Each structure stands twice: as structure tokens, then as C-alpha cells.
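**Q** Under the numbering used here, the first residue of the sequence shown is numbered 271, with each subsequent residue one higher.
In short, the hints are calculated from the structure, not lab data. All values reported here derive from a predicted model rather than from experimental measurement. There may be inaccurate statements among the hints.
Straight-line Cα separation of at most 20 Å, SDA-like style, residue types lysine to any residue; simulated pairs [what the hints assert, rightly or not]:
id	residue 1	residue 2
1	Lys349	Val407
2	Lys480	Thr435
3	Lys360	Phe451
4	Lys492	Pro477
5	Lys294	Tyr346
6	Lys517	Glu501
7	Lys517	Gly470
8	Lys360	Leu350
9	Lys304	Lys360
10	Lys360	Lys480
11	Lys415	Tyr356
12	Lys360	Lys415
13	Lys517	Phe505
14	Lys312	Arg368
15	Lys304	Ala314
16	Lys349	Arg386
17	Lys312	Leu367
18	Lys312	Met403
19	Lys429	Pro477
20	Lys285	Glu325
21	Lys294	Val345
22	Lys415	Arg449
23	Lys349	Tyr335
24	Lys285	Phe324
25	Lys304	Val345
26	Lys294	Ala314
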Amino acid sequence: YQDKGFGANSFYTPKYPNQYEATKTFLGSAGFEKSWQHLALKAAGYYRKHTDRFELFRSNPASWYSGHNYHATDVYGVKLSGSCFYQWGKTDAGVELRREEILSNRLGSPLADSVRVWGENVYYTMGDSRNHMVVFVTQNFYIDKFSFSLGGQYNHSNKFDDVLTWGIDLSYGLFQHLRPFASVNRSFRLPTFTDLYYQGPTNTGNPNLKAEFATTFESGLKMNQNNFMAEMALFYRSGADIIDWVKEPNQTVWTTVNYTQ
271 YQDKGFGANS
281 FYTPKYPNQY
291 EATKTFLGSA
301 GFEKSWQHLA
311 LKAAGYYRKH
321 TDRFELFRSN
331 PASWYSGHNY
341 HATDVYGVKL
351 SGSCFYQWGK
361 TDAGVELRRE
371 EILSNRLGSP
381 LADSVRVWGE
391 NVYYTMGDSR
401 NHMVVFVTQN
411 FYIDKFSFSL
421 GGQYNHSNKF
431 DDVLTWGIDL
441 SYGLFQHLRP
451 FASVNRSFRL
461 PTFTDLYYQG
471 PTNTGNPNLK
481 AEFATTFESG
491 LKMNQNNFMA
501 EMALFYRSGA
511 DIIDWVKEPN
521 QTVWTTVNYT
531 Q
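Based on the provided sequences and hints, a complete structural model is requested.
**A** Encoded structure:
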């Protein structure tokens, strides 16, 4: 459990310096593991609740200010995974089911029935939810001094297009304590509820956002000798449909877009 309050100057906009935010977070999880000689299974369930109160004006609000922003998010799901071990490698596979929900007085679509904010004389009047299913498989090979792995992940959401991501990693034990490595990975990120729905005096969300994608290339050297560890790496990241806040030269409001150029 976590309960925090803090100044939020320039967190969302530098225009109003006297900003404040208060958050509460509750986390819980439970799991089960079972191992055999060449097989291991894991099952887990988790729940996270987060509440947020954002004050654009901590004191002396402007005449047009309609009140603070209140949000409550619930994220819960289950995971099931298994690993199979061989002399020459390992196979990992699993599935995750996850649901995300939000209640807010600013973010989402209008609710049929409003919900009172606990401890406040304010009501959540908007909300949204989305479901996710993730299926992944990873294969690791250990051959002599080589270590090679490749994996794929299928991501399904009821609110966004299906996505397939993947990764390839290779390393070689050049010397006893020195290992060069290289990797290429394809990743993605879904827009947050804030990206989609936020409305403020200087920012406005975009409900038509799509997922953003990135391909990352990395190579380098790892050294591990006794109590000394060091790593040197170079990486290059190429993105597509990157989600960002953009303001046109003739506009005063920042808007979220899938940035293509």
C-alpha cells in the first residue's frame, strides 16, 4: 500500500506552477509454483488499485477552473506459464489475461450512473475499460559458447488491433570473463487513458490513437570477473506511430497524435 501527496509543478503543463497531486495505490498478488526434473509451472493472480487527485491550482484557483481531476483505476488478471528444460536449452511459454478499468470525472465515456468518489463530495461521471490477452513463446539454445534465443508474443485487445511482437538475442563467450552480445527486438505500447481522453486548458487527448511500435537494435560487450561487472553497449531505436503531445505553430493547445514524421 502506498499513500503519497506531492507538488506537481510542470508535470503536465508549466503554465500553472501551483499544481498538486495525491495518489493512493494498493497492490496484491498470489501465486503457485511446481517443479519437476525437466518442467516447471507457475500460476499467479494480481490486482492493483490506484486513485489519483490532481489539482491544477493548489490555492487561489482561476475563475474558469471547474474543479480537481479525480481518477480511479483497477488492473487485475491471471498468468499461467511453463518452462521445459533440456541439456541444450529451454522453452518458455505462457498466457496472461488482464482487464483495465477507469472511473473518472475527466477521462472516458459518460457513465449511465455516476459513482461517488470515496471521502469526497464529488462523483465519477466517466469511465472506460479494456481487456487484453497475451500469449508468448520463447526458445533458448545453449551450444558450446553460444547462447541464442528467439521469441514471439501475440497481443489481443478488445479496443485495439491485434499485435505480434518478437525478439532475437545472441551472445558468445569470447573469453572466460568477456561476452559480446547482439539483439533486435520489436515492441509496442498502447495509449493510456490520459492519452485518449484528457481535456485541460492546455492539453487535449485523442480517442482515435493507435498503438505505437519500435524496433531496437543493440550490441555490446559484457565483462564479469569476481566482484567486478561492466557492460558497454550501442543501441539504435526506430519508432513508428509514436504517441506524443504535439502543438501546431498556430495553436495554443497540445494534442496527442501518432507521430509519423
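**Q** It remains to establish, for every hint, whether it holds in the given structure.
**A** Okay, the hints, checked on the actual structure:
Between lysine 349 and valine 407 the alpha-carbon distance is near 14 Å, which keeps this suggested pair within the 20 Å criterion. With a C-alpha separation of about 16 Å, the suggested pairing of lysine 480 with threonine 435 holds against the 20 Å cut-off. Note on lysine 360 and phenylalanine 451: the hinted pairing holds, with a Cα-Cα distance of about 19 Å set against a maximum of 20 Å. Restraint check for lysine 492 and proline 477: the C-alpha separation of about 43 Å exceeds 20 Å, so the hint is violated.
Taking the CA atoms of lysine 294 and tyrosine 346, the gap is about 16 Å. The hint holds against a cut of 20 Å. Our distance criterion of 20 Å between C-alpha atoms is broken by lysine 517 and glutamate 501, whose separation comes to about 39 Å. A C-alpha spacing of about 14 Å is found between lysine 517 and glycine 470, which places the hinted pair at or below 20 Å, so the restraint holds. Restraint check for lysine 360 and leucine 350: the C-alpha separation of about 17 Å stays at or below 20 Å, so the hint holds.
Proposed proximity of lysine 304 and lysine 360 is supported: the alpha carbons are some 17 Å apart, at most 20 Å. For a cut-off of 20 Å, the pair hint linking lysine 360 to lysine 480 is broken: about 35 Å separates their Cα positions. Taking the CA atoms of lysine 415 and tyrosine 356, the gap is near 16 Å; set against the 20 Å cutoff, the hint holds. The hinted pair formed by lysine 360 and lysine 415 meets the criterion: a straight-line CA distance of about 16 Å does not exceed 20 Å.
For the given pair, lysine 517 sits about 29 Å from phenylalanine 505 by alpha-carbon distance, which is inconsistent with the 20 Å threshold. Distance hint between lysine 312 and arginine 368 is fulfilled; the C-alpha atoms sit about 16 Å from each other, no more than 20 Å. Distance hint between lysine 304 and alanine 314 is fulfilled; the C-alpha atoms sit about 12 Å from each other, no more than 20 Å. Simply put, lysine 349 and arginine 386 have alpha-carbon atoms about 32 Å apart, too far for the 20 Å limit, and the pair is violated.
Pair hint lysine 312 plus leucine 367 holds up; C-alpha atoms about 14 Å apart against a cutoff of 20 Å. Proximity of lysine 312 to methionine 403 is assessed by CA-CA distance (about 17 Å); at most 20 Å being required, the pair is judged to hold. The straight-line distance between the Cα atoms of lysine 429 and proline 477 is roughly 11 Å, inside the 20 Å bound, and the hint therefore holds. Of the supplied pair hints, the one linking lysine 285 and glutamate 325 holds, its CA atoms being roughly 13 Å apart against a limit of 20 Å.
With a CA separation close to 14 Å, the supplied pair lysine 294 and valine 345 stays within the 20 Å bound. Among the hinted pairs, lysine 415 with arginine 449 is consistent with the structure: their alpha-carbon atoms are about 9 Å apart, no more than 20 Å. Straight-line distance between C-alpha atoms of lysine 349 and tyrosine 335 comes to about 43 Å, which puts the hinted pair past the 20 Å bound. A C-alpha spacing of about 15 Å is found between lysine 285 and phenylalanine 324, which places the hinted pair at or below 20 Å, so the restraint holds.
At roughly 26 Å between alpha-carbon atoms, lysine 304 and valine 345 are farther apart than 20 Å, so this suggested pair is violated. Straight-line distance between C-alpha atoms of lysine 294 and alanine 314 comes to about 23 Å, which puts the hinted pair past the 20 Å bound.
Checked against the numbered hints given earlier, the structure breaks hints 4, 6, 10, 13, 16, 23, 25, 26 and satisfies all the rest.
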